[in-house]
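Asker: Dock the two chains into a complex; use the hints.
Protein chains in written order, with this note's numbering: chain L, 1 to 294; chain G, 1 to 383.
Hints were generated in silico from the structure; no laboratory data involved.
We treat Cβ as the ideally placed atom computed from N, Cα and C, and that holds for glycine.
Some hints could be false.
As the list claims (entries may be wrong) - Derived list of chain G stretches under chain L, where covered just means 3 residues or more per stretch with a C-beta under 8 Å from a C-beta of chain L:
| id | stretch |
| --- | --- |
| 1 | 145-154 |
| 2 | 338-345 |
What the hints assert, rightly or not - Pairwise CB distance ranges (calculated):
| id | chain 1 | residue 1 | chain 2 | residue 2 | range |
| --- | --- | --- | --- | --- | --- |
| 3 | G | A137 | L | N177 | 39 to 47 Å |
| 4 | G | I144 | L | I149 | 39 to 47 Å |
| 5 | G | N182 | L | S184 | 53 to 61 Å |
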Amino acid sequence: MNMLFPQIVAGLSNGSILLLAALGLSLTFGQMGVINNAHGEFMMAGAYTAYVMSSLIGGNAASLALALVVGFVVAGLLGLLLDVLLLERMRTRPLDTLLVTFGVSLVLQQVARDIFGSTGVYAQAPEALTKPVTIFGYSFPAARLFIFILAIVCVAALYAVLKLTPLGRQIRATSENRDLAEVSGISTKAVDHVTFFIGSGIAGVAGVALSLLNSISYNFGTSFIVQAFLVVVAGGVGQLKGAVIASFVLGLCQSAVELPTSSSIAQMSVFLIVVIFLQFRPQGLVAIRSRNLA
Amino acid sequence: MSNGIVQGIGSDKSAGAVFEKYRVWVGIVVTVALIFLMPAVLSGYSLGLLSKYLCYAMVAVGIGLAWGQGGMLTLGQGLFFGLGAYVMAIHLKLEELGPGQVPDFMAQYGITDLPGFWDLFRNPVVAVIGVAVVPGAVAAVLGILVFGRGVRGAYFAILSQALVAAFSVLLVGQSKTTGGANGLSDFSGFFGYDLTDPANKQMIYYICAFLVLAMVLIVRWIRRSFMGELIIGVRDQENRMKFLGYNPASIKVFAFSLAAMFAGIGGAMFVPVVGIISPSDIGVTPSILMLAGVVIGGRTTLLGPVVGTLLIRFAETQLSDAYPSAWTYIEGLIFILVIAFAPYGLGQAKDLWPWLKERFGGGAGSTVGDVAVVASEAKAVEA
Chain L
1 MNMLFPQIVA GLSNGSILLL AALGLSLTFG QMGVINNAHG EFMMAGAYTA
51 YVMSSLIGGN AASLALALVV GFVVAGLLGL LLDVLLLERM RTRPLDTLLV
101 TFGVSLVLQQ VARDIFGSTG VYAQAPEALT KPVTIFGYSF PAARLFIFIL
151 AIVCVAALYA VLKLTPLGRQ IRATSENRDL AEVSGISTKA VDHVTFFIGS
201 GIAGVAGVAL SLLNSISYNF GTSFIVQAFL VVVAGGVGQL KGAVIASFVL
251 GLCQSAVELP TSSSIAQMSV FLIVVIFLQF RPQGLVAIRS RNLA
Chain G
1 MSNGIVQGIG SDKSAGAVFE KYRVWVGIVV TVALIFLMPA VLSGYSLGLL
51 SKYLCYAMVA VGIGLAWGQG GMLTLGQGLF FGLGAYVMAI HLKLEELGPG
101 QVPDFMAQYG ITDLPGFWDL FRNPVVAVIG VAVVPGAVAA VLGILVFGRG
151 VRGAYFAILS QALVAAFSVL LVGQSKTTGG ANGLSDFSGF FGYDLTDPAN
201 KQMIYYICAF LVLAMVLIVR WIRRSFMGEL IIGVRDQENR MKFLGYNPAS
251 IKVFAFSLAA MFAGIGGAMF VPVVGIISPS DIGVTPSILM LAGVVIGGRT
301 TLLGPVVGTL LIRFAETQLS DAYPSAWTYI EGLIFILVIA FAPYGLGQAK
351 DLWPWLKERF GGGAGSTVGD VAVVASEAKA VEA
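The shape of chain G in the complex, shown without the other chains (with noise of 0.2 Å):
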């Protein structure tokens, strides 16, 4: 079952090829057109609560392709997201200062020269490479370290958590020059546009929206590269990997740096829309929390984790607010019972007409088992 869900169908060259063809630009004309449809239906209000959905659906595409394609499941994603939004946030508050200024809050510790890693984000073009490379490079570094030495499953889980743990603490320990537990906020503008115009949050979220498109189309062209066949290989067969000749550490390290690279993105884009970040924004629970679309949608499909991240960050807005306690109750029955019992997530609901019709219909036992074989043969004639 799980076969028939990763592996996907092999293409055969039948009356279905031309729409497999031709499907992913239908997709992208169709998502391009419900991006820009969206600023007219929606007010102001809401459009920046969906740019916000559309950050975390950075970070979660990111998660589908090391977890649900790579299998390193990294409970740690806050530790990237606040790098970028850490980095995204220094220089948007740098901008506002003229030289020799430092911020509001360092001027009550009275501090009166900027610390060095906020003078290396005030040049704008270091502050937007360095919002992916600072994340990408921390994961490289960590995934060296842990990978190499060939530790995984829990054990890069409980790292990953660690880590953000001591992040979190450490933002907060260190109020002085990262303004502690309430983070950084305030933001007038954003490269030189005003962030208190309509248009310019309109801006924004078009920002928002095609990165997330762009990020989702890097993902699928991973996923049928052969780097995406070696990042399958080393989830489910590791040491076969390693005898076919294979270093499964740079393949995990290149997929989880990707990763991080998507969630400091996602980060630096979070700051302008929301306007604040700071150390509850990427602690162990939001960490986790940043899973439970990618949980929800699928890990391994591709569209699962951005669908699944709109779906449940509309639906906290819609009850958390109204229903405090109801809604978390509902957030960890999520993770109960998705995780248990349909681990593939909505990705899973296109078995459910084979798998009911083998439960009730009788005689079609084969069905999904057949459709897998048939799968991974054409697979293996393709190649």
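Just chain L, with the same shape it has in the complex (with noise of 0.2 Å):
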């Protein structure tokens, strides 16, 4: 019990990370089939916001919250110019985007080089975050509850979005079945340009929040961006509780094994586990029931 509780925390801790990076992901590879290789640079994208409003304003937390704001909608500008100028003209194949969006994450990562160099960099934290707070008495770092809590917040308002407004009805019409919401008189393309908005707005957040655990350089997303990857694959596509089981279940995986052996052995036994498990469900842990044959 002792030693179970903390692993569980970290795997939580863990998960909600991923779910973070994961979630915009989702959103769009559930909607259009596009894998955005430069996902894990627009949370980039997010964490430099987040150092140049620390560095602008200090460490505080107005800082930190304009930070979020100004992530989300740096990061979604960008989501959004990449899809009308090129994922829009490529819906009709979606494998292709892999590579186009591969070549916009080496853009960006030379971009961010050129702009702040290459050696890493700090976004000064809030006081209260960088302090432990202790939880049923085991002292944890503030700034992973805070990412906790912050994954759930996001998690919560994307649902409710999706759930309660004539956008998401329009969202979930154009995942479910997009010729038919097309014919309905839904314009795709808008929708797909906002969702496209709202996905990549969330990996700026992500980028914000992990600014608080690491360094931020050139090539910050790319550590987070192959493990989002298998948490989509995992997770299935189309709705988000997939990617939010998965995560979790993923994270909890992960520190499970990185305990007792090492983190390189722990990301090949969660890679392993991802694969046999689709050995059980090939489209992944939820999948939309279609007439498409599997």
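Answerer: Below, the structure written as structure tokens:
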């Protein structure tokens, strides 16, 4: 019991990091089949936003809150630009978007290197988040607790938008049946743009949040992106709950393996778990029923 | 338009037929002549660089088969490249050591007994077979697991990427037996030949060049065989193939494993050519960059991957030292512009003229379509 509790907490914390990184990805992949390799660089854009805000205003709660909003908008606009300029013309060949967005990620990394240099920088965190907090007698970094809460808030907000607003209805309609949505009077093109803006914006928020834990450099996003992809694959597409469950399960598995072995073995076993899992559910955890042949 | 590229023009028995019949022999003779010409015109240093490009070209030939023909976008060829390279590197390290000795880096960790997977590749025959069989077997197992359950498209691409990421992390993490982030380097010999001798470097260049030629011919043979039709069938209409009674998984596993073997052999030759193999040569980004030449050259063409890879690696050496920042932009823009606007790369060049005529000549709008129809009819008649 003594060993188990901190491990579960660490696993949930890892899971919430994965979830933040994968949430926007899962949204855009679910709707458009676009695997956005530049998603990690949108996170990087968010992280640098946090850095710029904290150096302009100083590391306090106001700068963090501002960074979350500005980071959302900056990354969202980058995503919107990407979708309008490139991805829109590639709707019929989603697999190719993987390589186009890889090119975008190379360019964005180099832009960051040219602007901010190639050495890592730190965004100064608000003082309250630099101290540990005590939960049930165990001390725990406040920043990780903040990220956990933020991940839950993001999921709840996205869920609310999807379920309760007219926009959300249009997004769900488009991802479930694009043609039917189109003939029902929904401009799927416009909905795609908005979805991409939101999905990329969430990457920006994730970047701001994760800058509390990591140093920020041009390859900030690359350390999260592969695992985030695995979450999307394991979670299945089209519904948020797949990504949520997959993030926490993989996070828990990772911390369970990591403790007795090492982080490299943990990463390998997460991969193996996903491959074995796909043997039973090739479409991922949650799959919308369709008449497509599996 | 893509039809014309993919299927090629069916052979007719007219004037061009004679040339068509001997074209491959002309191509082979010219290529062999070029291969023998290179050592005469290039310095030893440039020849070494060319050998390195050829190693990447081997990977590209395999990617052309798996991705261009088979539709499997593999972002993880670095894994197979790395497996082949590490098998070769382990063997070359053991060649230098007497029985019972361990490499320097292991000695620093206080390891006195060689790990089992090292000892396995002490035998040169096992090592030579291993550089192709180990990657091929790993690809086959992965393919059976993944394709067997109908996982494809982006899902497969992501899994291949995750696998190569995990592999490079594992190599770094298990530094006591793999050399970690430094990798394995400082090889003095290659199966008994001194690697510092220019004559032996030239021999290694010839091995690389003829391996690429052999791989291209193997792929050409497959493309023209029934298997080649099956591979394209699985790419374009997987379900229809299933209804016709074929098992798409086994066809895919075949193409993917062969591509992995080519990558493994490329990696194995990379070791004596470059003199070092480390996790940074095979990570996520290097693996995707192995696709760059295939993208430029044209994924569905036979020679495009080789030509594209040689071009882009040459450009890389020329530009990346002088303008490192600009080169990254160019690399990124290559992926963006070519994939978005000319997805068949240089292989599309021959469509340029009909396209221009259609666009600006007026009236001749049906040229491209006609060619494709004629081609498919010719194919149907042949069958």
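Asker: To test your reading of the hints: which numbers does this structure violate?
Answerer: none
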